[in-house]
Amino acid sequence: MHSDGFFFQAFVYLAAAVVAVPVAKRLGLGSVLGYLIAGAIIGPFGLGLVGEGGTDVMHVAEFGVVMMLFVIGLELEPALLWRLRGPILGLGGLQVGLTTAAGAGVAMTLGMPWQAALAIGMTFALSSTAIVLQTLQEKGWMRLPAGQSAFAVLLFQDIAVIPMLAVLPLLAPAAAAAVGDGHSTLVDGLPGWGKTLAVLAAVTLIVVGGRLALRPAFRVIAGTRLRELFTAATLLLVVGIALLMQQVGLSPALGTFLAGVVLATSEYRHELESDIEPFKGLLLGLFFIAVGASLDFGLIAAQPGAIAGLTGLVLGAKFLLLLLLARLFRMGTDQGLLFAFALPQAGEFAFVLLGFATSIGVLGLEVANPLIAVVALTMALTPVLLAVHERLIAPRIGTRERADRPADTVHDEGEVIIAGFDRFGNTVGRFLRANGVRTTVLDNDSDRVDTLRRLGLTVFYGDPTRMDLLHAAGIERARAIVIALDDPEKVRGLAAALRLHHPELAIFARAADRGDAHELLDLELQGVYRETLDTSLRMGVDVLRAMGHRGHAAHRAANAFRRHDEATLKELAAMREDRARYFTTARARIAELEALIQADKPAPLATRDLGWDPTTLRAEFSEQRTEDREQRTENQGSDM
Amino acid sequence: MLNEDAGDDRPASKIPSRDPMPRLLILFAHPAYDASRVHKAMATAARRVPGVTFHDLYEAYPDFDIDVGHEQALLADHDRIVLQFPIYWYSTPPMVKQWEDLVLTHGWAYGQQGTALRGKQLLCAVSAGARQEAYTPDGFNAVSIRQFLLPLEATARLCGMIYHEPFVIHGTHRLETEGIAAAADSYRDRLEALRDAQ
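Line order of the protein sequences matches chains A and B.
Position 293 (the first sequence) corresponds to 293 in our numbering; numbering is contiguous.
Add 640 to the 1-based position in the second sequence for our numbering, that's all there is to it.
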């Protein structure tokens with residue numbers, strides 16, 4: 001049955017995902033649990049469809065975590081990261097410190113030597129960035145205070161892995177300490193200060209290179225207008241940084257996270273994000289499957305009591321510590337509970353640390369193997385716990401699903417997305433900004449984007465008609481979109497797609513002419529604007545005034561004209577299905593307009609404002625005068 | 641933008657067993673609603689009164705381009721009309737005057753054929769910055785609010801409408817939270833009384 005063929009393996013993984021994930025989502029369990037279950041089913045301890053290759057797959061799939069951190073970095077502008085420094089260092093530091101101590105304490109109580117106990121404590125202090133962030137994002141909880149705090153803690157943990165990997169060899173019995181972690185790096189031969197120097201150089205390279213070299217490079221690539229080239233460049237960047245980080249012995253995830261943060265303020269942020277997104281999603285899914293596949297049911301069945309007890313112990317102890325920290329950092333009860341339910345598992349780095357600790361002799365296999373099962377179990381149980389929390393616990397204490405303070409969020413997109421920033425869109429955008437409305441601008445002219453950014457505007461490069469780019473720009477959270485592209489076809493396509501997928505969004509669309517406006521009116525958007533109507537009417541008013549008409553009268557005549565014109569447009573749009581009728585009505589309307597213009601001739605501008613026109617009143621008076629020559633009525637109109 | 645005539649928070653007006661149509665029309669004119677305190681509270685209270693159509697003129701006609709046909713239809717559909725506005729310079733905001741000029745046309749509101757408003761009732765609900773004492777014979781402004789609003793009273797007379805003693809909130813510059821809440825409550829009571837009177 002086993003086949004090592006690439007296609008067979010790919011088929012099994014993809015089929016498992018495609019079948020299990022929709023089922024899990026339908027049951028309200030989230031995609032992560034779906035992947036985990038799929039992995040457990042096809043894994044060597046389940047159906048055995050994928051065999052020992054699982055560990056290799058795990059290594060490839062870990063790259064999904066690296067990409068996820070890159071995307072998170074992209075969404076996290078340096079200013080925002082700086083604002084989160086308190087939670088990251090304070091909350092994150094305390095969480096890692098306290099959990100390590102508690103874990104080590106428990107392990108020592110259970111009879112482990114202190115070195116092994118410390119290694120175990122560190123291992124279980126870490127949580128799963130992949131599972132937690134994926135679930136929080138899927139549920140839309142990232143913006144909640146609990147989501148922000150969880151993110152801060154996870155970020156600190158990602159950083160803490162580095163010193164942990166450095167400390168582990170010191171805990172090893174002297175004889176075994178020389179064995180490396182399997183990776184040969186460029187810095188192996190260097191002394192301690194040299195390694196530090198290499199690390200600093202690599203970080204500096206990412207920060208300075210990201211600022212100075214990457215943006216011009218991406219500008220050149222964007223200039224070719226080949227989308228796949230941009231995607232290739234994005235992947236190259238992530239792979240390159242991961243490689244560099246590995247060479248100097250740092251976590252690739254941390255390196256790409258840093259690169260993401262550096263690029264977060266660049267105009268290519270959303271384009272990068274949407275290009276990497278599908279790869280990230282697939283690899284993360286693969287990663288979760290691999291975790292599921294690593295669940296050793298045989299081992300669990302051999303010592304069910306011990307494994308279950310340890311799993312409960314890990315989850316319970318971490319949960320209580322997290323609750324304590326939530327109280328300490330003054331989170332509300334609902335947020336504190338969500339925070340504690342999100343982070344009690346062990347993470348993917350636990351596999352790395354346990355593997356490393358075993359290889360250098362800190363832990364024996366008889367200890368490490370059950371622990372690996374415990375790690376995998378806690379990860380698999382996390383989505384279940386969060387679902388229990390969401391369904392059973394949160395409703396009782398009234399979890400607020402919406403954040404009160406949008407200012408403190410990881411995502412910082414504008415309230416209004418402006419698609420297209422040429423002469424039309426830029427006026428709308430400038431006007432909105434001048435009135436304090438936050439805008440996110442998308443434009444696919446890289447030169448213009450470059451110029452605008454030099455002027456200090458926040459503009460992103462990319463084709464605004466691409467749904468994935470709009471997604472990255474935060475279309476779900478935007479309140480309105482201004483579609484100001486100069487290609488009517490694109491405007492129509494985008495408006496139709498948005499109407500379908502985001503019915504709540506207020507859509508304002510630019511129309512080229514009447515025919516174009518008809519098509520857009522069919523979509524029942526918030527507003528359709530013919531690009532020349534108002535300007536030509538304003539010009540008409542000025543011409544009228546130059547011809548000697550009074551200013552206010554000319555202005556009101558233009559209002560009346562526009563109202564009539566818009567009414568006609570709407571009427572015609574509604575009737576357009578029948579082409580023949582359309583043409584006759586259009587002709588009828590033109591005839592009507594002619595008639596209207598004709599009718600306006602004697603008193604061209606005052607026709608609408610009857611209240612200011614004493615004609616009928618004077619007629620009534622003269623009627624009365626001829627009827628009886630009595631005194632005029634004393635009504636108010638007499639002085640008109 | 642959105643017309644609030646079909647307001648969502650007045651379910652009672654949609655219940656057919658009651659009055660077939662809302663009787664009471666509030667024409668609200670405030671050129672700086674964002675900065676208002678008293679009228680914001682009053683308007684909020686008014687929108688919640690069942691059987692009331694609340695019509696925000698400055699929101700509906702930001703460029704003073706009043707839709708005369710729509711306004712006349714609204715007037716025809718209601719028999720109790722409330723003009724709610726703050727007093728500036730002893731008079732109405734310009735929107736109210738614009739509305740009078742354009743909507744109360746000869747041959748519709750007055751004149752030999754102009755009988756559309758005959759028998760309907762008109763109430764002015766206004767606010768004034770100065771205290772009530774200022775609007776007394778010995779006070780700074782010498783005459784009462786009702787006297788300042790004589791043009792509206794005369795307009796009502798010409799159109800054959802019944803004119804009520806104005807509802808006035810005095811001394812708005814000195815009102816704090818409780819005072820504003822009390823003003824809104826008494827306005828709600830006045831509206832309900834007007835709505836339910838025979």
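Since the hints were derived computationally from the structure, they do not count as laboratory data.
Just so you know, not all the hints are guaranteed correct.
[As the list claims (entries may be wrong)] So, partial list: chain B residues that the calculated Cβ filter (under 7 Å) puts toward chain A:
#, residue
1, Ile727
2, Asp741
3, His746
4, Gly751
[Unchecked claim] Under 10 Å between C-beta atoms, here's a sample of chain A residues computed to sit facing chain B:
#, residue
5, Thr532
6, Ala554
7, Arg556
8, Leu610
9, Pro614
10, Glu623
We treat Cβ as the ideally placed atom computed from N, Cα and C, and that holds for glycine.
For each hint, the structure was consulted:
Against a cut-off of 7 Å between C-beta atoms, the interface hint on Ile727/B is violated, since the closest Cβ of chain A lies about 21 Å away. Given the 7 Å rule on beta carbons, the hint for Asp741/B holds: about 5 Å separates it from the nearest Cβ of chain A. Among the interface hints, the one on His746/B holds; its C-beta lies about 5 Å from the nearest C-beta in chain A, closer than the 7 Å criterion. Taking 7 Å as the C-beta contact cut-off toward chain A, the hint placing Gly751/B at the interface holds, the least distance being around 6 Å.
Below 10 Å, beta-carbon pairs count as interface contacts, and Thr532/A has none with chain B, the closest being about 20 Å; its hint is therefore violated. Nearest Cβ of chain B to the Cβ of Ala554/A: about 13 Å, over the 10 Å cut. The hint is violated. Evaluation of the Arg556/A hint against chain B yields a held restraint, the C-beta minimum of about 7 Å falling below 10 Å. Among the interface hints, the one on Leu610/A holds; its C-beta lies about 5 Å from the nearest C-beta in chain B, closer than the 10 Å criterion.
Taken as an interface hint, Pro614/A checks out: its beta carbon lies about 8 Å from the nearest beta carbon of chain B, inside 10 Å. Hint status for Glu623/A relative to chain B: holds, with the closest Cβ pair at about 8 Å, below 10 Å.
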